[in-house]
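Q: Spelled out from the first residue to the last, the chains are:
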Amino acid sequence: MEARKKALNQAKLFENVFKVVLGSAALFVGILLPLVIFISLYKESSLAINHFGVINFLTSTDWDPVAEKFGGLVPLMGTFIATFLATLIAAPISIGIAIFLVELSPNKLKPVFSTAIELLAGIPSIIYGMWGLFVMAPLFGEKIEPWLTENFQNVPLVGKLFEGSPTGIDVMTTSLVLSIMIIPFMSSVVKDAFNMVPSIMRESAYALGATKWEVIKQVMIPITASSIAGGLILSVGRALGETMAVTFLAGNVNQIPKSLFDPFTTITVALANQFTEADTAIYLSSLYFLALILFVISFFVLYLSKIMLLRLEKKWKV
Amino acid sequence: MNIKLKRKVENYIFLGLSFLSAGFGLFFLFWILGDLLLNGFKYINIDLFTKDPVPPGMEGGGLKHAFIGHIIITVLGTVIGTPIGILAGIYFAEYGRNSKIAKIGRNVVDVMVSNPSIVIGAVVYAILVKPVGHFMGFAGGVALALLMIPVIVITTDEMMKLVPQQTREAAYALGAQPWQVSFHIVLKAAKVGVLTGVILGVARISGETAPLLFTSFNNNFTTFDPTKPMASLTVTVFQYAMGPYDDWHRQAWAASFILTFGVLLASITARYIIQRKKY
Chain C
0 MEARKKALNQ AKLFENVFKV VLGSAALFVG ILLPLVIFIS LYKESSLAIN HFGVINFLTS
60 TDWDPVAEKF GGLVPLMGTF IATFLATLIA APISIGIAIF LVELSPNKLK PVFSTAIELL
120 AGIPSIIYGM WGLFVMAPLF GEKIEPWLTE NFQNVPLVGK LFEGSPTGID VMTTSLVLSI
180 MIIPFMSSVV KDAFNMVPSI MRESAYALGA TKWEVIKQVM IPITASSIAG GLILSVGRAL
240 GETMAVTFLA GNVNQIPKSL FDPFTTITVA LANQFTEADT AIYLSSLYFL ALILFVISFF
300 VLYLSKIMLL RLEKKWKV
Chain D
0 MNIKLKRKVE NYIFLGLSFL SAGFGLFFLF WILGDLLLNG FKYINIDLFT KDPVPPGMEG
60 GGLKHAFIGH IIITVLGTVI GTPIGILAGI YFAEYGRNSK IAKIGRNVVD VMVSNPSIVI
120 GAVVYAILVK PVGHFMGFAG GVALALLMIP VIVITTDEMM KLVPQQTREA AYALGAQPWQ
180 VSFHIVLKAA KVGVLTGVIL GVARISGETA PLLFTSFNNN FTTFDPTKPM ASLTVTVFQY
240 AMGPYDDWHR QAWAASFILT FGVLLASITA RYIIQRKKY
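As given, the protein sequences belong to chains C and D, one line each in that order. Residues in the first sequence are numbered consecutively from 0, following numbering that gives the first Met the number 0. Residues in the second sequence are numbered consecutively from 0, following numbering that gives the first Met the number 0.
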């Protein structure tokens, strides 16, 4: 009786130890980690926050390490512009790829094509950057961009986008490479959503005589709209924080680009290029402020995409 | 008749566009991989693995320092990240399946997995590098571990949930304690899936550059000491590709070739195993 009680107590103790260990790991990963990130970024950037003020920092275009004047508007705008253009290119193509993978591809080849598209996501981002620098930038700088300037410069409105000296290190190549990087994320989300549409819905539409495209346009896309939006936002979140590919191609010039051929900078480019060179406390603190802004924006963007994606799951899993 | 034709034409136009976009994706995939193969493969030689770099501008030398550093940092990241990831995953899937921590945690982990990696680098710099006073390989390992943990948590959680509830009940009926059920029964049943999560995590971190820039930094010499700055393949590729020398560019292509095909091979294997598990 005694021995049994002892064994039982021991088991209970063991059980509690495990509970604590597992629970604290989960607590760390699930709740503390983002808090630690936020707090340490905030602490490091507090010098810049106090010195420049949040509103002032966000609206100032200064970036002058010598005069110790810093503002985040230029890299912030650069991040938004590159992300916007990349998403603009990636969104229709990703939906097209998802339609191809679900509806058009022969059944036997589906896994092959899906894997191929997912491989695009597996290529390290530095490879995209290096490939962009050695292959895309010369191609665009010498061939495509001069051609665009020649043919579109005098077109009203659009012409402004193609001004400046074509170097290949600019908004255009950056956005294009960035779009290739985010295509696999969005297309895999949309593909999964399409696969969740009950086949009876599709078949009913076919039975009414709808063409394949009509089924896609009038049945599949409306049903999966929230997932498509979620995938779109997810790829925006990915593009916001992408560093290496952008660092190779953006040119790291502190200006808001006026044409597609202007070199520019983003938050991640500024961080990657200047972080280890920052020699004054206020310089480093300003860079941390940029990192904090990036972290907060991407956290909310990614959380929003998560909410959108959960919506469809709730609708069809019940 | 007219409407019928219009619908048909519209159908072919849009399906054609869909074909084109799939072609677009595959075109770039093969273009990038093809360039890597063409430019990278021919520069691979024995020197690349066995020699330290020569002074900038001179021909020859290798990337031994970067290969060794890369392996050490990746192993450090894996050793730190794997246990934490698996433990948290077990909590999400077993102990706290319906608890508040798991409910919030799952969403947070899904967000953290796409979080900008450069931010993690900046945070580890503030927590580890700044107080110590110099860059070190260990800090790089910690940064990579933080990036890897969400990947492992998600896969562990999913794979353990696939284990049928009856298996657990059978173990409980035999008098097993909850921890015994989790570790001896469920984790064992899901071990291939969990291991796959680890492979996916390793594949993810071994291609990372941004978090290493501020943590392990770089080193021109081979070092085995994780308290010193340490070179890695990715940071070296960054430095060499941005540099002005042709010989650097050649070595950057060769290193990229090895890196990319290593990472892709690992992730294809992992995906293949997971697909087989799920059906």
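Some hints here could point you the wrong way.
[As the list claims (entries may be wrong)] Derived DSS-like pairs: lysine-lysine, alpha-carbon spacing no greater than 30 angstroms straight-line:
#1 D:Lys160 <-> C:Lys211
#2 C:Lys216 <-> D:Lys5
#3 C:Lys216 <-> C:Lys18
#4 C:Lys314 <-> D:Lys5
#5 C:Lys211 <-> C:Lys314
#6 D:Lys160 <-> C:Lys305
#7 D:Lys3 <-> C:Lys314
#8 C:Lys211 <-> C:Lys68
Read the hints as simulated data drawn from the structure, not as lab findings.
Q: Now tell me, hint by hint, if it's right for this structure.
A: A quick look at each hint next to the structure:
1. D:Lys160 <-> C:Lys211: violated, 37 angstroms
2. C:Lys216 <-> D:Lys5: Roughly 15 angstroms between the alpha carbons, so the hint for C:Lys216 and D:Lys5 holds.
3. C:Lys216 <-> C:Lys18: violated, 50 angstroms
4. C:Lys314 <-> D:Lys5: violated, 34 angstroms
5. C:Lys211 <-> C:Lys314: Between C:Lys211 and C:Lys314 the Cα gap is close to 24 angstroms, so the pair holds against 30 angstroms.
6. D:Lys160 <-> C:Lys305: Roughly 20 angstroms separates the two Cα atoms, so the pair holds.
7. D:Lys3 <-> C:Lys314: violated, 34 angstroms
8. C:Lys211 <-> C:Lys68: Distance ~58 angstroms between C:Lys211 and C:Lys68 Cα, so the pair is violated.
The structure fails hints 1, 3, 4, 7 and 8 (numbered hints given earlier, in ascending order).
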